[in-house]
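Asks: Fit chain Y to the known structure of chain H by using the hints.
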Amino acid sequence: MPILSIILFTPLLGFLGVLLIPGSKKRVIKIWANLAAFAGFLVSLRLTEWFDKSHPGFQFVERASWIPSLGVQYLLGIDGISFLLIMLTTLIGFIAVLCSWSAIDERVKEYYAMLFLLQCGMLGVFMALDFFLFYLFWEVVLVPMYFLIGIWGGPRKLYAALKFFLYTMAGSVLMLLGIFTLYFQYFHQFGRYTFEISELMRLTLPLGIERWVFWAFFIGFAIKVPMFPFHTWLPDAHTEAPTAGSVILAAVLLKMGTYGFIRFSLPLLPQASIDHTIVTILAVLSLIGILYGALVSLMQQDWKKLVAYSSVSHLGFCTLGIFSLNHAGLAGSVIQQVNHGISTGMLFLIVGVIYERRHTREISEYGGLAHIMPQFAFVFAFAMLSSAGLPLLNGFVGEFTILQGAFAASKVWGAFAVLGIIFGAAYLLWLYQRTMLGEVTNEKNRGLRDLTPREWAVFLPLMAWAVWIGVYPKPYFDILDKPVTQIVERVHGKTQPVEASLTEVAR
Amino acid sequence: MNFLELIWLIPLIPLLGAVLMALFGARLSKPLIGLLCPGAVGLSFVLSLGAVVQLAGLPERHHEVRLFEWLPWAKADFGFWLDPLSSVMILVVTGIGFLIHVYATGYMAHEHGPRHGGFYRFFGYLNLFVFFMLVLVLANNYALLFVGWEGVGLCSYLLIGFYYHKKSAGDAGKKAFIVNRIGDAGFILGMFLLFQVCGSLRFTDVNEALAHQAVETAGFGILSAAALLLFTGATGKSAQVPLFVWLPDAMEGPTPVSALIHAATMVTAGVYMLARASALFRLTPETSAIVAGVGAFTAILAASIGLVQNDIKRVLAYSTVSQLGFMFMAAGVGAYWVAVFHLYTHAFFKALLFLGAGSVIHAVSGEQDMRRMGGLKDKIPVTFRTMLIGSLAIAGIPGLAGFFSKDEILWQAWSSPIGSKLVWAVGIITALMTAFYMFRLMFMTFYGEPRMDEHVRRHIHESPPAMTIPLMVLAAGSIVAGWTGVPKALLSGGFFQGFEHWLAPVFEHGHEAAAEAHHNVATEYLLMALSVMVALTGIYIARRIYLQRKESERPTGGAIYPVLLNKWYVDELYDFLFVNGLSKGGGTLMSRFDQRIVDGGVNGAGWMTRTFSRVTMFWDQWVVDGLVNLSAYVVKSLSYPVRFVQSGFLHSYALMFVFGLLVIIGYYWTR
Chain H
1 MPILSIILFT PLLGFLGVLL IPGSKKRVIK IWANLAAFAG FLVSLRLTEW FDKSHPGFQF
61 VERASWIPSL GVQYLLGIDG ISFLLIMLTT LIGFIAVLCS WSAIDERVKE YYAMLFLLQC
121 GMLGVFMALD FFLFYLFWEV VLVPMYFLIG IWGGPRKLYA ALKFFLYTMA GSVLMLLGIF
181 TLYFQYFHQF GRYTFEISEL MRLTLPLGIE RWVFWAFFIG FAIKVPMFPF HTWLPDAHTE
241 APTAGSVILA AVLLKMGTYG FIRFSLPLLP QASIDHTIVT ILAVLSLIGI LYGALVSLMQ
301 QDWKKLVAYS SVSHLGFCTL GIFSLNHAGL AGSVIQQVNH GISTGMLFLI VGVIYERRHT
361 REISEYGGLA HIMPQFAFVF AFAMLSSAGL PLLNGFVGEF TILQGAFAAS KVWGAFAVLG
421 IIFGAAYLLW LYQRTMLGEV TNEKNRGLRD LTPREWAVFL PLMAWAVWIG VYPKPYFDIL
481 DKPVTQIVER VHGKTQPVEA SLTEVAR
Chain Y
1 MNFLELIWLI PLIPLLGAVL MALFGARLSK PLIGLLCPGA VGLSFVLSLG AVVQLAGLPE
61 RHHEVRLFEW LPWAKADFGF WLDPLSSVMI LVVTGIGFLI HVYATGYMAH EHGPRHGGFY
121 RFFGYLNLFV FFMLVLVLAN NYALLFVGWE GVGLCSYLLI GFYYHKKSAG DAGKKAFIVN
181 RIGDAGFILG MFLLFQVCGS LRFTDVNEAL AHQAVETAGF GILSAAALLL FTGATGKSAQ
241 VPLFVWLPDA MEGPTPVSAL IHAATMVTAG VYMLARASAL FRLTPETSAI VAGVGAFTAI
301 LAASIGLVQN DIKRVLAYST VSQLGFMFMA AGVGAYWVAV FHLYTHAFFK ALLFLGAGSV
361 IHAVSGEQDM RRMGGLKDKI PVTFRTMLIG SLAIAGIPGL AGFFSKDEIL WQAWSSPIGS
421 KLVWAVGIIT ALMTAFYMFR LMFMTFYGEP RMDEHVRRHI HESPPAMTIP LMVLAAGSIV
481 AGWTGVPKAL LSGGFFQGFE HWLAPVFEHG HEAAAEAHHN VATEYLLMAL SVMVALTGIY
541 IARRIYLQRK ESERPTGGAI YPVLLNKWYV DELYDFLFVN GLSKGGGTLM SRFDQRIVDG
601 GVNGAGWMTR TFSRVTMFWD QWVVDGLVNL SAYVVKSLSY PVRFVQSGFL HSYALMFVFG
661 LLVIIGYYWT R
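Which chain is which? The protein sequence lines are H and Y, in order. Numbering-wise, the first sequence is residues 1 to 507 according to the numbering used here. Numbering-wise, the second sequence is residues 1 to 671 according to the numbering used here.
For reference, chain H alone in the conformation it holds in the complex (with noise of 0.2 Å):
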């Protein structure tokens, strides 16, 4: 059965559904949505019964022809890495669309169609094993993502979305060049086009060609992270996108930067991925995205832009851990990229709870909420701390982890990344003293509701699999162990390319 094919266009029947109800028929489509987005998830719970955590490469393979005569392949697979993160794509698709139920009442059929649209993007992304299928992918995750900011969104949506765009546009544009290196090197030296990964893998280049391809690859995926100094996208496209962007974008959409540094990155271009230079240099750009995200989150008036920079302080750690280039580096890395996607996308979603209700997200203008919304106070004091990284929640494997990575591969980046912990609580405590705590200092929070049904079937997910992570992580190590173990010793030099090549697994 073509499962992963199957999981990759569930989403595009629903983008077809949607299409097909008549516009006027706000309440169907919303239903329709739910239930295919809802669709999306159970089919990718498969996976969890199939997937072989023991099997050292691809799964579930599917191979065709496309374009025979360019050696474009459609060829999609998973390892333990793209596993987790369609499990969190699926479920945070799915969450997307539940929490979309009343805060979106414009154009309601568009809006869903391009939920879909990208949803099935993003699930390509993770799933593509072939570098021209990928980038197809990766440039279809633009569009929707632009509309949805750019119709949908706040007051400065235009310009939020054009320069989200843009900017992302212009990574990879530089990511093709590197992607066309790599072909035409094939070529040289093979006789053939072909874009597959796995092949890919078994050039040798020059390091002086490795660099230039990575530096290339690397403002693709930098920017897409982000990484400081190409985040500035992030808080606009954050602040302005709708609650389920936001929340896709966070939880999803970020984690493709992160996924191409470890997918391509690291095991097409090894020696540039090891050479002292470069890592020194991503190590150290990580670092300050943490602590600079941290300190500039700490002192935004906005509740949102907050939670956005905030991002950047994590998705620093993320690639701190990738850059460490060891075992729980890396391990630490994807469960945080996850973590991320469920704190986070919490945190986002707990803002979209208060937007929908007062439609302002000055900070000041709350105050004592905790009084007036006791649920929605404990639910925002979960998310910041699985956020914080407190210990049985999942924040804390992936941080600590990475932190183990990172002070193996240096004491000095272990020492600068540890003050991260005490920033990342900082800005969240305070946040939350501000907007919970104290007496309720303005008069239209009054009466405000407390969480609906419907919103605690949105957290509640989230909740549980913060807890699971926190509690019991080891089936998320076991899963890593087989690829993490890979790509490092495909970094360190210690496999050869071929033995890691595609075997297929019958099902």
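Think of the hints as simulated: they come from the structure by calculation, not from any bench. If you're wondering where the values come from, they're calculated on a predicted model, not measured in any experiment. Among these hints, one or two may not hold up.
Stated by the list, open to error - Listed next, the in silico DSSO-like pairs over lysine-lysine satisfying Cα-Cα at most 27 Å (straight line): (1) K444/H x K166/Y; (2) K166/Y x K482/H; (3) K474/H x K75/Y.
Replies: Chain Y in isolation, oriented as in the chain H frame:
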């Protein structure tokens, strides 16, 4: 029943209590909550007692229960480890925790408002705290210990900020959490170093790996760094210099919280951690010296501040900081069992004093300023008598718990091979201050003229039995708890040195300190006499000043008074440097940098592109398109004559067509 296999239930039961409160607390009645939550801790106490009794019967004196793997790379399980050290801790946590829970049912009974004014929330937090504290002391590895460590920090945050409508409470909670996080950062790095050396974070693996390491005498190596970083964590949790500033502010929390978390249990976690890591600290004499130094410095600094505070809870808070300093002194000179011994006796008398203070505050309608108390002795006799016992115990009057443990610390500081006479001297001066500030508190509160206003005075009443019975039990504990650690010079026998012998297996690492050789009985008697004299002197001075003189005649303390009253201005310094300077200043600076420079670059690039495209457009319109238009113009001009023919009228074309046809036909015709 095999209690040893059930030790995982000891933390789990309070957790269940907390979960119950979170889910159904708002719907339960106060009496039921008052039964459930203390009951959960009480049940844990029974299980602990059973487990400890069975532990005593084991030849190897330790037992491990591993539930499941947690962080595989660190070899850190969800596993519990019961040995003599953790047995002392769980008994203290559940035993004293139970008493304080019972007390709190009385103390918090008057909380009014929606959902009983947070009655269930309070007990939920309190149970959650006990859970994390038990995880902390029962963990079999550093990572799980850290889980408890952070968890108690969270509960401390929640409980300090329990009255969250007050800004000061929110501020204090946040301060506690962040200051603790600074220590935690050190703790984390320390763990990583330890992991690097030992390849595991399990206590047994670590101790085994360390057994093969030589003492780090030649300078400051990796082990010393690990030890120092762990100690940084301890200074945060146990409120030592330089991270002690959060504890006095933590008194914003309800008094039972101060007693349980900020006196008896959580703040001693740092001492416990050091004792747990004693194998490491034994190898690093330099770090041990730092520990002793920091402990001594904290002890005297906090005591000096405690001399002049007027808030009854703040006096006790500084006293706690100071007493924790004593514990670190003991740990620093290598006398770990004494540190734990003082931890254990201190838990009794300091919990007692805090609960007593709570009872006083309860009696005077919430007043905490001792300048508006006085003369309460006969009005709340139970509180008075029990607090007097606590004060005598902490001052170090022979026969009470504090005497034995404090005196042992001073003796160890003097006699231990890595001890120091300076540490001893600081200790004895601190002991003088301790006796003074405690009896200043007693005299200002219970003696003299009542200074509260008429309305308050009429309402003074002794607390209900739910509060006084725990006081009496703790008072009894403050008397007898010390007798398991009597100096060998006075009494020797199994029971009287029971504490030391019980803990001995934990601290034997093959590097047995040769303290016995230096045992000089005559010196020990002399020092003991001296410390008793010092205690009596402290009490006497307090009596002279606060009992026998009127307020106007009391010495003002001169220039040092405002310095002490303002806590040596440490808070102001930290605010200036770290809160406003580094965090807010840095944050503001970075925000501007981000907006103007980084994003300025992006917007600048956008502007440049736009300007460039404007120029391009101009060029395109006037030059490129101009050329096109020019060529079009040329063509147009050239075609001008032809245009007459190209009229677009069908009939003229038809005419021309016919005309042409005629011409062609004519041509052939005429040829």
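Asks: So if I understand the rule, the pair passes when the alpha-carbon distance is 27 Å or less; does K444/H with K166/Y pass?
Replies: Holds: K444/H and K166/Y sit about 20 Å apart, inside 27 Å.
Asks: Taking only the CA atoms, is the gap from K166/Y to K482/H under or equal to 27 Å?
Replies: violated (52 Å)
Asks: Keeping to a limit of 27 Å between CA atoms, is the pair of K474/H and K75/Y held or broken?
Replies: Answer holds: K474/H to K75/Y is near 11 Å, not above 27 Å.
Checked against the numbered hints above, the structure breaks only hint 2 and satisfies the rest.
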